[in-house]
Amino acid sequence: MHARAAPAVALADVTIAFRLARNSTYTAVERASLSVADGEFVAIVGPTGCGKTTLLNVTAGLIAPSAGTVATFAGPLRGVNRSAGYLFQAEALFPWKTALENVAIGLDISGVDKSEARSRGEAWLKRVGLAGFGSRYPHMLSGGQRKRVGLAQVLIRDPKILLMDEPFGPLDAQTRQIMGNLLLDLWSGDRKAVMFVTHDLEEAIALSDRVVIMSAGPAARIIGDWRVPLPRPRDIGEVKLDRAFHDLHREIWQTLKDEVLKGYAQTGGG
Amino acid sequence: MSRITLVTLQLLVAVVAIALWHVLTTIPIGGVKVLPPFFFSTPADVGARIVKWFVEGTIWRHLWITLIEALLAFLIGSIGGVLVGFWFARQPKVAAVFDPYVKMINALPRVVLAPIFALWLGLGVWSKVALGVTLVFFIVFFNVYQGVKEVSPTILANARMLGMSEHQLMRHVYWPSALSWMFSSLHTSVGFAVVGAVVGEYLGSAAGLGYIIQQAEGVFDVAGVFAGMLVLAAFVIAIDAVVSLVERRLLVWRPVTADTRT
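Chains as they are written, first to last, in my numbering: chain A, 31 to 300; chain B, 2 to 263.
Looking at chain A on its own, in the form it has when it is part of the complex (with noise of 0.2 Å):
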């Protein structure tokens, strides 16, 4: 079924090359070619500094590719991703805004109705959890609660694609496991196309139907592509106590673990 539709993302001999100073270049990532189906979750796994986030960024249209193309069902990216919803990694909530206004940000804009945007925020607060939390402050909130915010302020504008970057790597174990939850639990319901960027080997399989594995960068490249074959819907804690899991992670972990060695040797282990 898939097969037939336009892909939601079609990265095709993507290079990404940045100049550095004395007219050298550092090459991120080379000839990466990734296509993700319309209802497609696909985790990009691999080491620290491999160029997950780059890949991720030229998706969004906020950096352009040295080389390849970059298209979505819209046809060639140009400029910022219209399509697409991208959830950072970093703080990335307006601080002066209430969470309630972070959340309806992208109502406004757009220009629909005022009080409209506040009663659809004020929704989207409770589906992530946050009722009653509507006016206060983003640092008056846990940094689990924050990412709440961001997931429905994305989620709100109802992007047909969805990027995360690590979204919910600063967050401890128990947080992480509830948010992965959550998220599952809020796409099963329309299934939008969704890159996944993780170092988290673990999380990367329990979340996603597909988990692509790219090489230690400098000019990383797209090393291993493979099917996850659990049944929807999961719960990330029990999914992880799967045969099918263990299997899968102990056959992805072979390719996996030489290369975050050397991008362990690269960085100092930092």
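Treat the hints with care, as some may be off.
Selected chain A positions facing chain B (in silico; Cβ < 7 Å) [unchecked claim]:
| # | residue |
| --- | --- |
| 1 | 92 |
| 2 | 110 |
| 3 | 116 |
| 4 | 118 |
| 5 | 120 |
| 6 | 122 |
| 7 | 125 |
| 8 | 126 |
| 9 | 167 |
| 10 | 169 |
What the hints contain is simulated information worked out from the structure, not anything from laboratory work.
C-beta atoms are modelled at their ideal positions from N, C-alpha and C, and glycine is treated no differently.
Fit chain B to the supplied structure of chain A, relying on the hints for placement.
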């Protein structure tokens, strides 16, 4: 420390200082007064002078003039600082061209401009306002410039991904960020507006707190100088309290630990 003990201790400092001043200026120790009243006056004289000013009502006009000058300097300096700060931050080429001149003018001790302003604008209110503006402008300008420049790249990227146009970026991202930096320097810029007004008055005027102090000094009226200083100090504290109130209303979104930049 509870609030009551704190206030008590704070008051105690004033009481001890005034008592010491009183003792040293009025009671001879070993036949001599340690602080001759001619140079140091006495708390009683200074107090009497302040009471007299307020009872006769002569002080109100001077307070009013200084307040107006400081207010105008603050408003004009702030508006100019915000506009130019925004302009420079959004147009790096313009900023680069003007950079050495901005540094040059900011390095100049503003007091030397006072005679020029008096020459250009006369001895009235506007020469003091001009002096205050040159002080306030740079504080606001640097803070707004910094505020626009230092918006987190992630927040900026997020705003663009959410679909903000250049105009909406201004309104929802750059403007609040710049304002927060400006407000965090509010105490400093208001303080400098008062400094500009008083120094301007001191150097040449016919009214204001600076004028009172300068007049008293001219006739070796030390009690008058001290009385003027005390009224000025109380005036600044009152203004500062108002600023704190405004700040608390405007920066509710900030964590309490946020440091104050000057």
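Outcome of the hint check:
1. 92: 6 Å, holds
2. 110: Hint holds; residue 110 of chain A Cβ to chain B Cβ min 5 Å, cut 7 Å.
3. 116: 4 Å, holds
4. 118: Status holds, d = 5 Å.
5. 120: Interface hint status for residue 120 of chain A: holds (4 Å vs cutoff 7 Å).
6. 122: 4 Å, holds
7. 125: Where the cut-off is 7 Å and the nearest Cβ of chain B is about 6 Å from residue 125 of chain A, the hint holds.
8. 126: 4 Å, holds
9. 167: Holds. Min distance 4 Å.
10. 169: Residue 169 of chain A check passes; min Cβ-Cβ to chain B is 4 Å, inside 7 Å.
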